[in-house]
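A.B. asks: One letter stands for each residue in the lines below.
Protein chains: 2
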Amino acid sequence: MTGHQQTLTPFLWRAENVFPEKEIVARTHEGMKRYTYDEYGDRVRKLANALENAGVEEGDRIGTICWNTDRHFETYFSVPNIGAQLHTINPLLPDGHIQHIVSDAQNKVIFVDPSLAEKLDSAYEEDSFSSVEQFVVMGSEVPDLSIEPVTDYESFIGDESTDYEFPELSEDQPAGMCYTSGTTGMPKGVEYTQQMLWSHTMATMVPQALGIDDSDVLMPVVPMFHVNAWGMPFSATAAGAKQVYPGPSPDPEDIARLIEEEEVTLTAGVPTVWLGLLEYMEDNEVDLSSLERVIIGGSAAPKALIEQFDELGVEVVHAWGMTEMSPIGTVANLKSDLEDAPKEQQFNVKAKQGLIVPGLEFKVVDDDGNEVPWNGEDFGELYVRGPWVTQSYFERPEANEEDFEGSWLKTGDIVTVDEDGYIEIVDRAGDVIKSGGEWISSQELENAIMAHDDVTEAAVIGVPHERWSERPVAMVVTPDEVDNDALTEELKEMLLEEYPKWWLPDGFKYIDEIPKTATGKFSKKDLREMYEGQEDEL
Amino acid sequence: MTGHQQTLTPFLWRAENVFPEKEIVARTHEGMKRYTYDEYGDRVRKLANALENAGVEEGDRIGTICWNTDRHFETYFSVPNIGAQLHTINPLLPDGHIQHIVSDAQNKVIFVDPSLAEKLDSAYEEDSFSSVEQFVVMGSEVPDLSIEPVTDYESFIGDESTDYEFPELSEDQPAGMCYTSGTTGMPKGVEYTQQMLWSHTMATMVPQALGIDDSDVLMPVVPMFHVNAWGMPFSATAAGAKQVYPGPSPDPEDIARLIEEEEVTLTAGVPTVWLGLLEYMEDNEVDLSSLERVIIGGSAAPKALIEQFDELGVEVVHAWGMTEMSPIGTVANLKSDLEDAPKEQQFNVKAKQGLIVPGLEFKVVDDDGNEVPWNGEDFGELYVRGPWVTQSYFERPEANEEDFEGSWLKTGDIVTVDEDGYIEIVDRAGDVIKSGGEWISSQELENAIMAHDDVTEAAVIGVPHERWSERPVAMVVTPDEVDNDALTEELKEMLLEEYPKWWLPDGFKYIDEIPKTATGKFSKKDLREMYEGQEDEL
Ligand SMILES: Nc1ncnc2c1ncn2[C@@H]1O[C@H](COP(=O)(O)OP(=O)(O)OP(=O)(O)O)[C@@H](O)[C@H]1O
Ligand SMILES: Nc1ncnc2c1ncn2[C@@H]1O[C@H](COP(=O)(O)OP(=O)(O)OP(=O)(O)O)[C@@H](O)[C@H]1O
Ligand SMILES: [Mg+2]
Ligand SMILES: [Mg+2]
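Chains as they are written, first to last, in this note's numbering: chain A, 1 to 538; chain B, 1 to 538.
Read the hints as simulated data drawn from the structure, not as lab findings. We put the beta carbon where it would ideally sit given N, CA and C, even for glycine. A couple of the hints might just be wrong.
[To be verified] Restricting the straight-line Cα-Cα distance to at most 20 Å, the calculated cross-link-like pairs of lysine to aspartate or glutamate (EDC-like) are:
hint, chain 1, residue 1, chain 2, residue 2
1, A, Lys516, A, Asp251
2, A, Lys335, B, Glu165
3, A, Lys335, B, Glu292
4, A, Lys343, A, Asp368
5, B, Lys363, A, Glu168
6, A, Lys410, B, Glu168
7, B, Lys335, A, Glu23
8, B, Lys335, A, Glu168
9, A, Lys509, A, Asp480
10, B, Lys434, B, Glu489
11, B, Lys363, A, Glu165
12, B, Lys335, A, Asp213
13, A, Lys363, B, Asp38
14, B, Lys335, A, Glu263
15, A, Lys363, B, Glu165
16, A, Lys303, A, Glu497
17, A, Lys335, B, Asp38
18, A, Lys335, B, Asp213
19, B, Lys363, A, Asp163
20, A, Lys509, A, Asp453
21, B, Lys303, B, Glu168
22, B, Lys501, B, Glu470
23, B, Lys335, A, Glu292
[Stated by the list, open to error] Label-pair ranges, simulated between beta-carbon atoms:
hint, chain 1, residue 1, chain 2, residue 2, range
24, B, Glu165, A, Asp121, 32 to 38 Å
25, A, Asp418, B, Asp310, 40 to 46 Å
26, A, Gln391, B, Glu279, 51 to 57 Å
Could you put together the complete structure from these sequences and hints?
C.D. replies: Structure, rendered in structure tokens:
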């Protein structure tokens with residue numbers, strides 16, 4: 001009685017056949033590349049044959065250490081469609097993490113961008129990489145490297161046939177894999193089944209998620225090693241949309257030029273990328289007229305960013321997600337009754353992490369295990385579940401014990417939910433500061449401090465305190481010329497306008513840089529480690 | 001590693017909690033009813049308790065013989081959410097068919113509209129209905145009937161609690177059931193698993209299907225006993241959209257009034273309904289300004305209808321589906337490169353059955369089992385597969401042998417596919433006329449003949465012929481005053497402008513009415529039976 005298995009193959013088939021002329025464009029180390037879904041499909045099948053000839057079988061894990069390019073995108077359908085598992089690896093991770101991840105995932109083949117080959121070479125270490133039978137450099141030549149056996153992509157797929165009959169896979173077949181960012185500890189492996197990727201792809205297309213259509217020109221700036229560029233390559237293919245890949249380390253100029261030249265309508269990335277673009281636009285003329293929407297996630301989208309884009313006629317779509325969720329969980333779309341609300345109110349809503357996407361469920365649980373009311377004030381940990389939310393980690397029994405409760409994933413994010421159902425992240429569970437039995441939101445304090453013109457970045461951590469058990473301390477980065485003592489007074493005054501006195505950080509420490517994770521998030525773990533034992537100085 | 005099961009409960013949960021104030025409005029025999037998702041959820045859980053107390057268990061089949069009302073909609077979530085199976089029954093079927101269906105499906109409880117209770121009474125027959133333990137009339141009183149035991153809906157759910165913890169179901173749990181229309185033979189049972197309904201719901205929301213959002217006000221005119229009103233009640237709930245149910249036998253005036261008063265933006269039904277509305281509008285002022293789109297399916301949407309709606313500022317969304325497909329398979333949305341095409345070209349595209357919905361696959365196979373090229377000319381039978389397409393019939397092993405090939409459903413529809421991927425249905429497999437080894441499309445001839453102002457309806461069937469093996473004959477319905485012989489000459493001339501001579505029907509027979517099925521489709525089976533042995537006269 002049941003229907004056919006939920007797999008990725010129909011998305012490729014549809015794009016190739018119904019939208020054969022739609023383009024895939026990429027900025028690569030060889031210059032701009034441009035081809036159609038029609039040709040894309042042929043290259044996907046060539047690669048499938050090459051993988052099979054290289055001995056890849058159903059269930060094998062294939063690693064990629066690559067930027068957002070056409071060739072990387074080819075692995076996105078080739079690998080899962082033959083029943084293997086696409087494991088995207090973050091090249092910005094420390095060598096030790098990469099070694100851990102590769103040896104954990106037992107990758108059989110690893111694809112690597114020429115610009116990242118040196119990084120791989122440096123991370124390479126025989127034991128951790130012992131499972132790897134073939135390295136493939138994403139180009140038409142092989143740079144001088146110590147890793148082996150190594151070949152280049154074009155030679156790898158060169159003679160292969162464009163015919164390949166993809167097997168009818170089970171929807172439970174693992175199709176993808178990605179490690180969490182390691183913000184709170186060692187990265188944890190998350191596997192994606194065909195069904196999870198299928199569900200996420202369908203869900204992202206619905207209007208209350210991202211509403212992707214064939215009229216969109218989609219450019220994922222978020223790296224393809226961050227949870228499959230938030231699933232965009234799959235969604236765009238399913239919708240038959242034109243795709244633009246910004247290639248190795250795109251800078252604001254590259255991004256601006258691609259938006260202009262390819263008439264991008266929809267793009268996606270972390271806040272830093274967009275702050276960079278807007279800064280670049282202060283001195284450079286950029287035509288954003290084609291751009292309709294920017295999806296921002298990974299960290300909170302600052303309200304100022306939402307407002308600035310609005311002035312440029314671009315809608316910010318703020319989304320929240322996790323590696324564990326394939327990744328999209330909430331999107332801050334306006335409910336229909338907010339469509340005519342004053343802009344200010346709309347910005348406030350859009351600065352929240354948003355409404356749960358159709359198909360998922362959540363609950364917010366306080367320390368005693370009770371669900372908190374939806375009043376925009378009460379905090380609790382966010383639990384989620386749904387078809388594209390994992391129910392376990394890869395070979396991490398302890399984490400499976402801790403981070404799941406039945407079918408629920410405990411996100412580790414502390415949130416409020418308002419009367420309209422909009423979720424707002426106020427902290428990470430480990431970052432919450434508990435002072436005299438009351439919670440203080442480190443993220444709220446950070447956002448408030450960063451709103452000051454003389455503050456470049458700020459992070460707030462909790463330090464042990466005899467009487468209050470914990471007290472907040474702010475770490476602040478400023479431009480060179482600022483008078484720190486004066487600034488501290490200004491910040492205190494500013495905070496007192498909005499927050500009770502006991503929320504005021506006990507100390508303001510001026511530092512050169514906030515330590516960051518490989519995905520560019522504030523690493524409070526590192527901050528706390530840096531200052532362990534020096535609490536008195538803070 | 002996998003995600004949570006795909007079931008309907010999260011859709012209800014989300015509507016109730018994220019869109020608690022959105023309305024459900026119904027025209028009922030008790031007058032207009034109006035409540036919110038918040039109240040709706042409570043009544044769904046009351047009904048769940050009532051069903052449980054009535055002895056309903058996981059896997060039981062619950063029948064409904066009901067119009068589109070609030071109470072019928074309550075069964076849509078109550079029954080599947082407790083693990084039982086919602087079996088909607090077409091009250092317009094002949095008594096014998098209803099008996100067959102009820103005894104085939106072994107319904108434990110049957111819900112019936114007051115206005116349909118007499119129909120049920122007449123179809124009632126002890127043997128076929130022996131599984132039924134409870135009849136429930138959709139109201140607050142019980143009419144005088146011979147069926148028993150019988151109660152009324154409000155008494156049935158009256159004292160029940162609004163608390164009910166829905167079980168965590170498997171996505172393979174059967175959740176729905178519907179019989180095919182019986183156009184080509186006895187109706188066949190199709191079961192829908194939770195996963196099929198979940199997939200169909202997600203798919204219908206995507207822009208390239210129906211693009212349903214919370215800003216929509218959705219009125220399914222297509223009856224809820226026709227493949228769950230094409231799944232709209234589920235899609236609208238998942239999107240948190242306002243819903244309007246037009247109640248028992250709505251006439252054009254009811255439909256017009258509901259669109260005006262409830263500011264309906266999106267509605268759906270078979271062509272006849274809309275022809276009726278437009279006819280009504282010739283003599284009556286109707287304000288369609290809220291209406292954005294009309295989904296038309298079940299039979300081909302005539303081009304003239306698409307044009308007339310366009311003049312009224314309403315977009316026709318032509319869709320094709322089957323009971324076997326939950327039901328939606330293709331939607332004639334314009335590709336982005338057609339958005340600026342001349343209207344005439346757009347209408348031609350919209351009159352086709354459309355593009356395959358993301359997530360599904362199809363192929364078109366000729367008599368020799370080869371796939372036909374996508375050139376808009378070559379015919380073949382349409383095969384489809386996907387997560388919301390069944391892979392077997394309920395207890396019909398012979399049909400399972402005939403109508404499926406591996407994971408593919410053979411639709412029985414004969415189609416062309418054009419270069420852009422738009423599918424056009426040219427015939428039913430059994431209705432195709434093969435003359436001198438060449439195919440003639442009965443549906444094309446019918447549409448051409450019906451385009452004449454003096455023709456009310458026309459059907460074309462094939463009759464045996466010694467030399468050509470088969471030849472077309474047209475059955476034509478006209479208004480009283482028409483001169484048939486003159487009309488025949490005009491029709492022949494008209495057809496010759498577009499079609500080769502050998503496509504011309506050998507005979508034009510003027511009859512009072514084309515026999516129809518319970519879903520209002522031309523019953524060529526009946527036509528052929530009517531004229532069997534009288535071929536010489538045709
Ligand atoms: N829009 C957003 N606003 C605020 N925080 C966000 C947003 N999107 C994502 N996040 C944060 O990112 C987290 C998910 O990130 P990711 O899966 O990349 O790994 P991580 O949680 O940073 O690392 P690890 O789980 O290894 O500690 C979320 O749990 C949330 O804390
Ligand atoms: N937009 C449309 N244009 C033309 N035909 C359509 C359209 N939508 C549906 N149909 C026809 O309706 C059929 C599906 O109808 P349904 O499932 O209600 O039962 P049926 O096929 O009429 O009856 P049975 O299968 O019992 O003979 C399709 O196979 C197709 O022939
Ligand atoms: Mg995490
Ligand atoms: Mg049929």
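A.B. asks: Now tell me, hint by hint, if it's right for this structure.
C.D. replies: These are the hints, each one checked on the structure:
At roughly 19 Å between alpha-carbon atoms, Lys516/A and Asp251/A fall within 20 Å of each other, so this suggested pair holds. Under the criterion of a C-alpha separation no larger than 20 Å, the hint pairing Lys335/A with Glu165/B is inconsistent with the structure, at around 28 Å. The suggested pairing of Lys335/A with Glu292/B holds, with an alpha-carbon distance near 19 Å, which does not exceed 20 Å. Distance check on the hinted pair: Lys343/A and Asp368/A sit about 38 Å apart at the alpha-carbon level, beyond 20 Å; violated.
Under the criterion of a C-alpha separation no larger than 20 Å, the hint pairing Lys363/B with Glu168/A is consistent with the structure, at around 16 Å. Using a Cα cut-off of 20 Å, the hinted pair Lys410/A and Glu168/B holds, with the two alpha carbons roughly 18 Å apart. Proximity of Lys335/B to Glu23/A is assessed by CA-CA distance (about 14 Å); at most 20 Å being required, the pair is judged to hold. The suggested pairing of Lys335/B with Glu168/A is violated, with an alpha-carbon distance near 29 Å, which exceeds 20 Å.
Distance check on the hinted pair: Lys509/A and Asp480/A sit about 14 Å apart at the alpha-carbon level, within 20 Å; holds. Annotation: proposed proximity of Lys434/B to Glu489/B is violated, straight-line Cα distance about 24 Å (limit 20 Å). Restraint check for Lys363/B and Glu165/A: satisfied, since their Cα atoms lie roughly 15 Å apart, inside the 20 Å limit. Taking the CA atoms of Lys335/B and Asp213/A, the gap is near 9 Å; set against the 20 Å cutoff, the hint holds.
Restraint check for Lys363/A and Asp38/B: satisfied, since their Cα atoms lie roughly 17 Å apart, inside the 20 Å limit. A threshold of 20 Å between alpha carbons decides the hint, and for Lys335/B with Glu263/A the separation of about 17 Å falls inside it, so the pair holds. For the given pair, Lys363/A sits about 15 Å from Glu165/B by alpha-carbon distance, which is consistent with the 20 Å threshold. Between Lys303/A and Glu497/A, the direct Cα distance comes to roughly 18 Å. Compliance with the 20 Å bound is thereby established for this hinted pair.
Proposed proximity of Lys335/A and Asp38/B is supported: the alpha carbons are some 17 Å apart, at most 20 Å. Only pairs whose Cα atoms come within 20 Å are accepted, and Lys335/A paired with Asp213/B is accepted, the gap being roughly 9 Å. At most 20 Å may separate the alpha-carbon atoms for a hinted pair to count; Lys363/B and Asp163/A meet this at roughly 17 Å. About 17 Å separates the Cα atoms of Lys509/A and Asp453/A, which keeps this hinted pair within 20 Å; it holds.
For the suggested pair Lys303/B and Glu168/B, the alpha carbons sit about 46 Å apart, so the restraint of at most 20 Å is broken. Under the criterion of a C-alpha separation no larger than 20 Å, the hint pairing Lys501/B with Glu470/B is consistent with the structure, at around 15 Å. The suggested pairing of Lys335/B with Glu292/A holds, with an alpha-carbon distance near 19 Å, which does not exceed 20 Å. The hint said 32 to 38 Å for the Cβ distance between Glu165/B and Asp121/A, and at roughly 56 Å that hint is violated.
The supplied range of 40 to 46 Å is met by Asp418/A and Asp310/B, whose beta-carbon atoms lie about 41 Å from each other. The supplied range of 51 to 57 Å is met by Gln391/A and Glu279/B, whose beta-carbon atoms lie about 55 Å from each other.
Hint check: violations occur at hints 2, 4, 8, 10, 21 and 24; the rest are consistent with the structure.
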